[in-house]
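What follows is the residue order along each chain.
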Amino acid sequence: MVPVSFAVLMATGIAVHRLTFRRLAATSPNVDVFEARGLMVAFGLMFLVQNFAQLVWGADLRGYDYLTDPVQVAGSQFAANKLLLLGLSLAFSVVLIVSLRMTLLGKGVRALMQSPTGAQLVGIDTRRLHPLMFGVGLGLSGVAGCLLSMTYTITPSMGEPYTVTALIVITLGGFGSMGGALAGGLALGVIEAVGMHFTNPSLKSLLSYAVFIGVLLWKPNGLFARR
Amino acid sequence: MNPWRESRVRRLGQRLAQGLLDRTHLGRDLLVLFALTGWALAVPHYGSDFVVSMALTCLMYVALATSWALFCGTTRYLSLATAAFFGIGAYTSALFIDSLGWWPVIAAGAGVAALVAVVMGSAVLHLRGTYFAVLTFGMTELIRHAVTYWEKQVTGTVGRVLTVVPERDTIYLTVLALAVLAVAVSIVVRRTRFGLGLMGIGADEQRAQTLGVNTRLAKIGGFALTAAFAGAVGAAMSVRWTYIDPATVFSPFIGFQTVLIALIGGIATLWGPLIAAVVFSLLAETLRLQAPQAYLMTLGLLLILCVLYLPGGLASLRWSTFGQWREDTRAWWRELRRDKRRDEARENAT
Numbered sequence: 108m109v110p111v112s113f114a115v116l117m118a119t120g121i122a123v124h125r126l127t128f129r130r131l132a133a134t135s136p137n138v139d140v141f142e143a144r145g146l147m148v149a150f151g152l153m154f155l156v157q158n159f160a161q162l163v164w165g166a167d168l169r170g171y172d173y174l175t176d177p178v179q180v181a182g183s184q185f186a187a188n189k190l191l192l193l194g195l196s197l198a199f200s201v202v203l204i205v206s207l208r209m210t211l212l213g214k215g216v217r218a219l220m221q222s223p224t225g226a227q228l229v230g231i232d233t234r235r236l237h238p239l240m241f242g243v244g245l246g247l248s249g250v251a252g253c254l255l256s257m258t259y260t261i262t263p264s265m266g267e268p269y270t271v272t273a274l275i276v277i278t279l280g281g282f283g284s285m286g287g288a289l290a291g292g293l294a295l296g297v298i299e300a301v302g303m304h305f306t307n308p309s310l311k312s313l314l315s316y317a318v319f320i321g322v323l324l325w326k327p328n329g330l331f332a333r334r
Numbered sequence: 022m023n024p025w026r027e028s029r030v031r032r033l034g035q036r037l038a039q040g041l042l043d044r045t046h047l048g049r050d051l052l053v054l055f056a057l058t059g060w061a062l063a064v065p066h067y068g069s070d071f072v073v074s075m076a077l078t079c080l081m082y083v084a085l086a087t088s089w090a091l092f093c094g095t096t097r098y099l100s101l102a103t104a105a106f107f108g109i110g111a112y113t114s115a116l117f118i119d120s121l122g123w124w125p126v127i128a129a130g131a132g133v134a135a136l137v138a139v140v141m142g143s144a145v146l147h148l149r150g151t152y153f154a155v156l157t158f159g160m161t162e163l164i165r166h167a168v169t170y171w172e173k174q175v176t177g178t179v180g181r182v183l184t185v186v187p188e189r190d191t192i193y194l195t196v197l198a199l200a201v202l203a204v205a206v207s208i209v210v211r212r213t214r215f216g217l218g219l220m221g222i223g224a225d226e227q228r229a230q231t232l233g234v235n236t237r238l239a240k241i242g243g244f245a246l247t248a249a250f251a252g253a254v255g256a257a258m259s260v261r262w263t264y265i266d267p268a269t270v271f272s273p274f275i276g277f278q279t280v281l282i283a284l285i286g287g288i289a290t291l292w293g294p295l296i297a298a299v300v301f302s303l304l305a306e307t308l309r310l311q312a313p314q315a316y317l318m319t320l321g322l323l324l325i326l327c328v329l330y331l332p333g334g335l336a337s338l339r340w341s342t343f344g345q346w347r348e349d350t351r352a353w354w355r356e357l358r359r360d361k362r363r364d365e366a367r368e369n370a371t
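If you read the protein sequences in the order shown, they are chains G and C.
According to our numbering, the first sequence is numbered sequentially starting from 108.
According to our numbering, the second sequence is numbered sequentially starting from 22.
Be aware that one or more of the hints could be misleading.
Simulated pairs of lysine to any residue, SDA-like, Cα-Cα distance not exceeding 25 Å [claimed, not checked]: (1) Lys189(G) / Val243(G); (2) Lys173(C) / Val243(G); (3) Lys173(C) / Thr306(G); (4) Lys173(C) / Gly244(G).
Derived by calculation from the structure, the hints in this document are not laboratory data.
Please put together the full structure from these sequences, using the hints given.
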């Protein structure tokens, strides 16, 4: 199911990009305005998709069993599907980072992030690459959703906490830094788990927001930003 | 730039500045406000309970959206923290309504929210754009979780029931007064040095600083003003709801809906948020009963369409806008046809 969800969401992503973000990029006077408007459009899309799902499938909790047998690894017990989840998500991150670093396509994407106009000048087809990257991003979030559904019950509104977590992780790592996002995500998970162990489970979200705000105030460009 | 054009630009600038400080517009705005107030005052006398509660929702969003646009519309700082101030006001009112009177409680809600805004603002207002939006959202969630935790640990319950409740008409008049005050304040502020400074920050912050605006003070002041209104509205509405818990009064939805209404109405305009607030509350009340999902889907769709095709908001809609759309659509068709023809030509060539 993982490749299917990737493909479906990638197609959706390209379609969404074509319908909304292309016009948005064309009409916005500068990057600041584009970001603010993009955020608003994204929230609008969230309302739209979430409530569409609720209308069609109802708001019930759903779930299924897949690979739930425990597995012994180095003296500790893990559920097999959680191990699979860890392995696959690490693999996807590594593939993404390596392809961004090593291939020509990745080089083009990094150039696009640095300066869209400059990338166009040196012969990168930004009109094709930008939707493609948008599609890959959405496709990867589709993979994440697919993997999550193995271990957790699913509802139409399950995405909201993950949106916030993703924002926190990205700002922790610094916008546009892949390794930073990976490290930030792992760090946030560890801080949450350790903090909960030492204090109180109901402090979990309090802790993650406190870390987020602290980091942003202390280093607004992210923990791993290079200047 | 040629001299003719330069003089035209200068004249345009002068006319704009005059328009802002103009007495005729001031008179018109105040008259419209006066008429609307009179009409809203009459509602409890002839309307049923349902009509009054609907009008109350309208007024609540009018106050929230207008005060939000007062700061965020002019400076273009996208704050998602309205829910935080609303919730703080609601909790202040829940805690102190027994010991203080009705009006002191509203003032206390406004005061506490403004205080929090000053602290929050001095910490985050140096960040711009997405960072500011995300950070204010994070702060709201932090405050919500902190209040939930405190309620769970200290008082042992999560919700609060308000037992001492004033009459319906008192609440209605209070919220009406707040809404009128919000519109009046934004009419006045637009014409003061402070308001022009805020607008300057929105246009170009560094330039405003160079021209002698104390941007830091202006931003914190504006943010606190917005927060004070949200806090006062929260204090008044919590009494109307009679049962509050962190999930409802700090609901991010309040913040989003305020932003949405202001955006759809037109953040830089005076009457846009008001019109959109009334339209939306009516739409919400009618649609929510029949199809709650359809309401939220409409909201999302409208938001997207508005940002894409009407960035100035509903209040910027003129007859020429429709003409512009027609032009756009035609240009798009032409481009599509040209692409198709080019593809065909390419195929024929190979």
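Status of each hint after checking the structure:
With a C-alpha separation of about 24 Å, the suggested pairing of lysine 189(G) with valine 243(G) holds against the 25 Å cut-off. Distance check on the hinted pair: lysine 173(C) and valine 243(G) sit about 43 Å apart at the alpha-carbon level, beyond 25 Å; violated. Between lysine 173(C) and threonine 306(G) the CA atoms are separated by roughly 15 Å; this keeps the pair inside 25 Å, and the hint holds. Restraint check for lysine 173(C) and glycine 244(G): not satisfied, since their Cα atoms lie roughly 39 Å apart, outside the 25 Å limit.
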